[in-house]
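K.L.:
One letter stands for each residue in the lines below.
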Amino acid sequence: MTVSRFRTIIYIVAAIVSLAGLADATYLTVQALTGETLGCGGSADCFKVLGSAYARVAGIPVASFGVLAYFSVFTFATFALFGYARARIFLILTIGAMFLATLWFLYVQAFLLHAYCRYCLFSAATTFLLAGLVIALPPGRERSVA
Amino acid sequence: MKRYLPFVIVAVVAVATIGSGALLYRAKRPHVLSIPEDKTLSAKSGPESPHIRGNPDAPVTLEEYGDFQCPPCSMFAAFLGQLEKEYESRLRVVFRNFPLAMHEHAREAALAAEAAGLQGRFWEMHDVLYREQETWSKAPNVRELFESYAGTIGLDLNKFKNDMDSEQAKARVDADRHRGESLGIQTTPTLFINNQPLETKDKNPEGIRAEINAALEKKSQT
Chain A
6 MTVSRFRTII YIVAAIVSLA GLADATYLTV QALTGETLGC GGSADCFKVL GSAYARVAGI
66 PVASFGVLAY FSVFTFATFA LFGYARARIF LILTIGAMFL ATLWFLYVQA FLLHAYCRYC
126 LFSAATTFLL AGLVIALPPG RERSVA
Chain B
460 MKRYLPFVIV AVVAVATIGS GALLYRAKRP HVLSIPEDKT LSAKSGPESP HIRGNPDAPV
520 TLEEYGDFQC PPCSMFAAFL GQLEKEYESR LRVVFRNFPL AMHEHAREAA LAAEAAGLQG
580 RFWEMHDVLY REQETWSKAP NVRELFESYA GTIGLDLNKF KNDMDSEQAK ARVDADRHRG
640 ESLGIQTTPT LFINNQPLET KDKNPEGIRA EINAALEKKS QT
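Keeping their order, the protein sequence lines are chains A and B.
Note that the working numbering has the first sequence beginning at 6, numbered continuously upward.
Note that the working numbering has the second sequence beginning at 460, numbered continuously upward.
Everything labelled a hint here was simulated from the structure, so no lab data went into it.
Among the hints, erroneous ones may be present.
[What the hints assert, rightly or not] Reference listing, derived: stretches of chain A covered by chain B, where coverage requires no fewer than 3 residues with Cβ under 8 Å from a Cβ of chain B:
#: 1; stretch: 29-38
#: 2; stretch: 59-70
[Stated by the list, open to error] Straight-line Cα separation of at most 20 Å, EDC-like style, residue types lysine to aspartate or glutamate; simulated pairs:
#: 3; chain 1: A; residue 1: Lys53; chain 2: B; residue 2: Asp633
#: 4; chain 1: B; residue 1: Lys678; chain 2: B; residue 2: Glu583
#: 5; chain 1: B; residue 1: Lys487; chain 2: B; residue 2: Glu658
#: 6; chain 1: B; residue 1: Lys620; chain 2: B; residue 2: Glu606
#: 7; chain 1: B; residue 1: Lys618; chain 2: B; residue 2: Glu665
#: 8; chain 1: A; residue 1: Lys53; chain 2: B; residue 2: Glu543
#: 9; chain 1: B; residue 1: Lys677; chain 2: B; residue 2: Glu665
#: 10; chain 1: B; residue 1: Lys629; chain 2: B; residue 2: Glu567
#: 11; chain 1: A; residue 1: Lys53; chain 2: B; residue 2: Glu563
[Unchecked claim] What the simulated footprint calls covered on chain B by chain A, stretch by stretch (three residues with Cβ under 8 Å from a Cβ of chain A suffice, anywhere in the stretch; the number is not a length):
#: 12; stretch: 464-475
#: 13; stretch: 554-567
#: 14; stretch: 643-656
For glycine and all other residues, C-beta sits at the position ideal for the given N, C-alpha and C.
Same shape as in the complex, but just chain A (with noise of 0.2 Å):
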């Protein structure tokens, strides 16, 4: 397998894995939205995570940056496969802002809030292995379009 085809199939493997996380980011922030979170009758162990005063930045729902994040990963991972040569650097860095951001939510519910919510344990998997994928990332160039 060529270094270029290794590369295409990361970018293109970082593009589902976004997807995946996308529509768990999405799914919170609608729970944040419609106040599910805030009582009871939704999801029982979301409750005192996304509940909590860690769940929100200036009465922002956190979940809705991960919306952002996501949809980032996806967009600088589909330039990327496409060869947009500045696509890659901001790939990753942003994906190494994500990561710094699920080590500390995984402090926040292991050592602050002692719960885990299902939801933010599946992003937090999703973001190491986004890490993991640019990790694997071949140095080197991509070919430029732009």
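For this one, chain A is given, so just place chain B on it according to the hints.
P.N.:
Positioned in the frame of chain A, the structure of chain B alone reads:
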């Protein structure tokens, strides 16, 4: 064409995300109705007569549909105490049982509160159940704990035990639950201020105070 393909793919995903998010929001958005005229407080007696705390003639009524095992309801109960002090005779509070199936001991707790109510101590049991929620929620035998709470608030223990299994207590819990379902309630706590449901965005101390103040203002103008 290939030059534009990534833009098209990204645009399609953006539209699909926004569209599915909007559809999900519409499906999940609570559709709680206002309390109709024939279901207002003065129109009912018997099993549907509510538990009221505060001035019976208060201009503002806050009606809560609550589940004793629901953590947000417990937090709201603590805030309710502050509200009652702040608004004094201008606010009356009504509690309706809405035990959710997802909470193992919620129905039994509602029966305990109703059994206490049959001895005139509903609100005392209401307060103890919320205060001690973390303890009894995880206990294997909640009955024993409820009986100990009954003892601490001075109930006749034998009557309390019998009343917890009585048809009267069950009928009260069921009547509240059916009333809530007929209004479209799915989550707890669900709050009404002067028969109007409180929107999700107002389910916070500032929002609740603002709605009570608006209701007081409206009453003073009529």
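K.L.:
Now tell me if each hint is right for this structure.
P.N.:
A quick look at each hint next to the structure:
| no. | hint | result |
| --- | --- | --- |
| 1 | 29-38 | holds (count 6) |
| 2 | 59-70 | violated (count 0) |
| 3 | Lys53/A / Asp633/B | violated (28 Å) |
| 4 | Lys678/B / Glu583/B | violated (30 Å) |
| 5 | Lys487/B / Glu658/B | holds (14 Å) |
| 6 | Lys620/B / Glu606/B | holds (7 Å) |
| 7 | Lys618/B / Glu665/B | violated (42 Å) |
| 8 | Lys53/A / Glu543/B | violated (27 Å) |
| 9 | Lys677/B / Glu665/B | holds (18 Å) |
| 10 | Lys629/B / Glu567/B | holds (10 Å) |
| 11 | Lys53/A / Glu563/B | holds (17 Å) |
| 12 | 464-475 | holds (count 6) |
| 13 | 554-567 | holds (count 3) |
| 14 | 643-656 | holds (count 5) |
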